[in-house]
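Peer 1: Take a look at the letters that make up each chain.
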Amino acid sequence: MAGLDQAPPPARITLVLGGARSGKSAHAEALLDDCAGPRLYIATAEARDAEMEARIAAHRARRGPGWRTVEAPLALAETLEAESRPGSALLVDCLTLWLSNLMEAGRDIAAETQRLVACLGRLEGRTVLVSNEVGLGIVPENAAARTFRDHAGRLNQAVAQAAGRVVFVAAGLPMTLKP
Amino acid sequence: MAGLDQAPPPARITLVLGGARSGKSAHAEALLDDCAGPRLYIATAEARDAEMEARIAAHRARRGPGWRTVEAPLALAETLEAESRPGSALLVDCLTLWLSNLMEAGRDIAAETQRLVACLGRLEGRTVLVSNEVGLGIVPENAAARTFRDHAGRLNQAVAQAAGRVVFVAAGLPMTLKP
Amino acid sequence: MAGLDQAPPPARITLVLGGARSGKSAHAEALLDDCAGPRLYIATAEARDAEMEARIAAHRARRGPGWRTVEAPLALAETLEAESRPGSALLVDCLTLWLSNLMEAGRDIAAETQRLVACLGRLEGRTVLVSNEVGLGIVPENAAARTFRDHAGRLNQAVAQAAGRVVFVAAGLPMTLKP
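Chains as they are written, first to last, in the numbering used here: chain S, 1 to 179; chain P, 1 to 179; chain F, 1 to 179.
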């Protein structure tokens with residue numbers, strides 16, 4: 001039982017799932033604290049309004065130096081493939097915003113999900129992906145919101161299956177879903 | 001501590017709780033994979049619109065053969081009592097739709113919850129019940145939605161107390177609430 | 001491994017997190033069942049309409065005797081400091097209603113959160129705080145609701161960090177977030 005007292009080896013692909021303001025981004029960043037080399041933050045958000053701008057600035061301030069940032073509102077798989085190499089550390093924040101961008105751009109969500117999952121299997125460095133759990137409230141009255149949460153749930157399931165480790169973060173604290 | 005490495009014995013009554021598109025139905029079906037005999041899918045959904053029809057068809061396609069289906073939009077306790085016997089395997093999908101049907105039919109929810117729980121105690125075969133967790137979002141503005149989530153929360157608590165095993169599914173992965 | 005079979009020592013500060021009708025209040029009360037002395041229920045709710053009045057009455061009836069009740073819609077830190085002493089047992093139900101009262105009163109939420117957390121560190125008796133997780137649904141269309149769930153998420157994170165034990169309750173069953 002000695003293993004219970006030791007940290008598990010870092011998974012190559014980790015999914016960090018959580019609610020709004022659950023501390024999931026901070027937890028995801030901390031998972032890459034032990035990386036020797038530079039870390040890359042892959043932002044799927046675009047600063048299109050003041051609310052979003054403030055959130056992006058707050059995230060950027062917390063990460064501090066040691067992080068490089070690239071934006072990938074749509075071309076997530078391409079960015080991951082271009083940036084991942086042995087020893088690299090990538091953080092994608094977050095999959096639900098990426099999904100939202102894909103839907104707005106009229107993309108085929110099932111095909112994009114499949115492309116992302118296929119790409120994850122080929123990455124050689126460490127990758128942490130952050131995603132929102134959005135399916136634990138009342139059924140939304142808005143049909144677009146229902147479609148979004150259906151896609152988000154399927155995307156989370158597909159990435160969770162491809163990941164070596166999955167954690168669910170609530171109130172800043174992780175519960176392990178896949179060890 | 002050898003038991004940690006062994007699967008637990010199948011509980012007679014299992015509750016599978018989860019959000020929308022969390023993979024809870026697939027997980028519930030997999031719990032009955034080891035059954036030798038025929039399995040019965042007890043559907044509480046009625047195909048009243050195209051969205052619901054598509055969901056029912058997708059679920060049915062995934063289950064494949066080896067499953068028989070009956071509909072029980074309201075008479076759930078009666079159906080369970082009629083179908084359960086030693087060696088049988090029943091899957092109820094899902095309790096939240098049943099609750100929604102009961103509310104629409106003007107039934108007494110507390111009494112129906114009590115009848116269901118009493119019936120669960122008498123079943124001789126294995127039964128897996130699927131239910132949605134709907135209380136983890138913002139308080140709904142709609143009063144009917146607030147009443148629904150109150151009823152759903154109480155129903156989940158009552159069935160969880162009657163069940164031998166309870167799991168919470170997120171992104172297709174189970175967390176054990178009651179081992 | 002003997003410790004696995006023993007209940008942990010009661011934490012001085014415990015946060016009980018859960019959804020609507022998840023059984024979090026009953027679980028929080030049960031955590032104080034082993035207290036020898038009188039227990040104090042610190043209600044943040046004000047009975048302003050019939051729905052809220054009914055909820056308060058139901059909670060009060062369940063607790064039964066052995067509990068004293070005080071109301072603290074806004075002055076939570078002051079009430080905790082005034083009432084806590086070695087051997088005392090306080091239950092705060094709930095932080096999300098307190099937050100809602102603070103927002104309505106135009107208070108500075110970050111400052112109030114900080115005051116609460118600082119006060120928790122000074123309490124000498126046992127304190128159980130109940131809070132709602134509200135960030136696991138679809139992004140609310142209403143801007144005030146978005147602000148509320150942002151504040152609630154940050155408040156839960158801050159209190160979880162200050163607490164010795166954190167549990168997440170679903171369907172009446174606790175999952176340990178911080179042991």
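Among the hints, erroneous ones may be present.
Just so you have them, the derived chain P footprint on chain S, three or more residues with Cβ under 8 Å [what the hints assert, rightly or not]:
id, segment
1, 13–22
2, 135–143
3, 159–173
Hints were generated in silico from the structure; no laboratory data involved. The model shown is predicted, which means the values in this text are computed figures rather than measured ones. Glycine included, each C-beta is placed from N, C-alpha and C at the ideal position.
Peer 1: Out of the numbered hints, which ones does the structure contradict?
Peer 2: Every hint satisfied by this model.
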